[in-house]
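Peer 1: Taken in order, these protein sequences are the chains called U and W. Under the numbering used here, the first residue of the first sequence carries the number 1, and numbering increases by one thereafter. Under the numbering used here, the first residue of the second sequence carries the number 1, and numbering increases by one thereafter.
Please note: incorrect hints may appear among the correct ones.
As the list claims (entries may be wrong) - Think about it this way: if two alpha-carbon atoms lie no more than 30 Å apart in a straight line, the pair counts; the simulated BS3-like pairs of lysine-lysine are:
id	chain 1	residue 1	chain 2	residue 2
1	W	K24	W	K413
2	U	K15	W	K24
3	W	K502	U	K76
4	W	K550	U	K2
5	W	K413	U	K76
6	U	K67	W	K409
7	W	K536	W	K139
Treat the hints as calculated values from the structure; they're not laboratory data.
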Amino acid sequence: MKIVNYIDFLRRNMKGLVRVLIVYLIALVIFDVALSRHDAHYMIDKIYAFWTIFGIVGCFILIKVAKGIAHLFLGKNEDFYG
Amino acid sequence: MDRWIHPAIFFFIGALILPLFRGKAKKFVILLIPVLSIIDVALMMEGVYGSYSFLNANIIFGRVDKLSLVFAWVFTIMGFLGAIYALHVEEDGHHIAAYFYVGASLGAIFAGDYLTLFVFWEIMAFSSVFLVWYRKEPKSIAAGYRYLLVHVFGGLCFFTGMMLYYYKTGNMVFDKILPANAGVAEYLILAGFALNAAVIPLHAWLPDAYPEATVAGAVFMCAFTTKTAVYVLARGFPGFEILAIMGTAMTVYGVFYAVIENDMRRVLAYHIVSQVGYMVAGVGIGTEMALNGACAHAFAHILYKALLFMGAGSVLYMVGTAKLSKLGGLYKYMPLTMIFYVVGAISISGFPLFSGFVSKSMIVASAHHEGRIWLMLLMNLAGIGTFLSVGLKVTYFAFFGKESSIQPKEPPKNMLWAMGLTSALCFLIGVYPNSLYVLLPFPVEYHPYNLHHLSEMLQILSFTGLVFFLLVKKLAPEDKMNLDLDIFYRAGAWVFMKIDEKVISVLDSLWGEAYRAVGLSLLFKNARLSYGFDRKVIDGVVDGSATAVKMVGFVVRRLQTGRVQAYIGLALFMFFLIVWILLVRM
């Protein structure tokens, strides 16, 4: 399968891939800052790159809280119910 | 078309005649039935059909309008895709259960009154449970019974509400209920519907049962029960504030569990809770745009969720487990399955060009329009969790990540075809959103492909990806099961059994002992007493009276001499005796 070869190629060139992705992320933020905000009604529509911050903070909190609670008391052995 | 044919009929007849066929003919019939139903839906005109009077109630089998049609479209299409995916399944019973399930869902969405709806509602529960039981493992049998019990409870809520509603209004017509008019009856019906929509805290049956279903059964189950519930909520309860709040809570609750679960299919099951949450919230917001969004999302969701369950099912079918902690590096051996799964994953996450982008955003945007900023933010937080768990976590740990020793093959051709077709539909809807929007109940003025929306979604998804790769070690799957609210009835049942074992059975044996010591000896004494009474008194009386009769007979016999003069003499003697008695007594 060709697709397997492509994936293997990308995995061998991780550093290059990471660089491309970082450029892409920066471009996204610039794109959002450049967007017009004339018809913004609410506060969140006016903040530059609001969804970038939201994505980072939200994802971080979600992982920390979910894993934290799972380790605290939700996670049980698989035969918990017998 | 003047005459209306109920599309459920194809499935019910199909289920009945299926065992008559063998080999290729059977496979042909399995595929033909849903194709016929799709053609039937395509030819259908709006109107009210199949209306009968029964027990003072008006029974309506066919209320065909835009709202029921959009669900009929996706249900019949899903019936077809599911049939392809299940084509290799040998057991007739599995196909029959699936057909009854699909047919009953169609019956429910066309029902115009509560009674018809209730009947199909129950057929759905009782046919779908077989899709769990056909897995034939002890865990599945137990999960199936729990599923059934919970649904019977939901059905009873619905039934009680329905009866109270009839008592209150004198009719059974199932139509829009205004929040201001809702009383106990309406809220009981709402509770019954909400249970099927897996609204928290009535959701635990879903992640309990679906991961234990058969590989093909789960594909059917993820489509119909919750989406029928979304339909009835959209039909009966639009604009109920509680639905907007609970729906949004569901979106976050589902992804929360999806982040920590280990089993692929359990992750996906929790995502049903999350995704149905968007639809329930859309119904709760209740504007035309929000209701459109709920229907569009139900349509898109059925396809991509089925696709994800097909992908996870393929892994389970070929590897024997769907636990992420035991998988890894599958892209080398199952590249097609991986591509199809990823199409489903980016559709559910809402990537541009795929179906989630054009459907989910309608609901989020309607919350935004209505100024419900908190609901919108929480829904977007759930969007982060969706991409994080289904898109990144499962894909990474199953198909990439550490190499595992397993080297499975691709699943059978029919499974690949089903996944390929479903992927194509997800892409088609994403690229031509109007193909979906024309089916929606209200005119659509929403354009998903605007720069702000593109920028918003790409930022959310891309930066979620960034945080995932920074924290990937934190997310490593663990061989654990996570407690959910089903603990109340599962542990409740366990406590009940313990009480039964420790208290009731001890009391029972104590009672047995007491009975043996006191009761039995009393019983013996009583028996002896009545034996004596019978022997001495009853027999005495009976025997005595017999002896008396014998004696009388002996005396009387002596009088019967046969001589007439003796009789006359005796008669005269008696006559004088009577006269003397009368005279003396007077």
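Peer 1: Check the structure against each numbered hint from earlier and tell me which ones fail, lowest number first.
Peer 2: Hints 2, 4, 5, 6 and 7 are the ones this structure does not satisfy, whereas the remaining hints hold.
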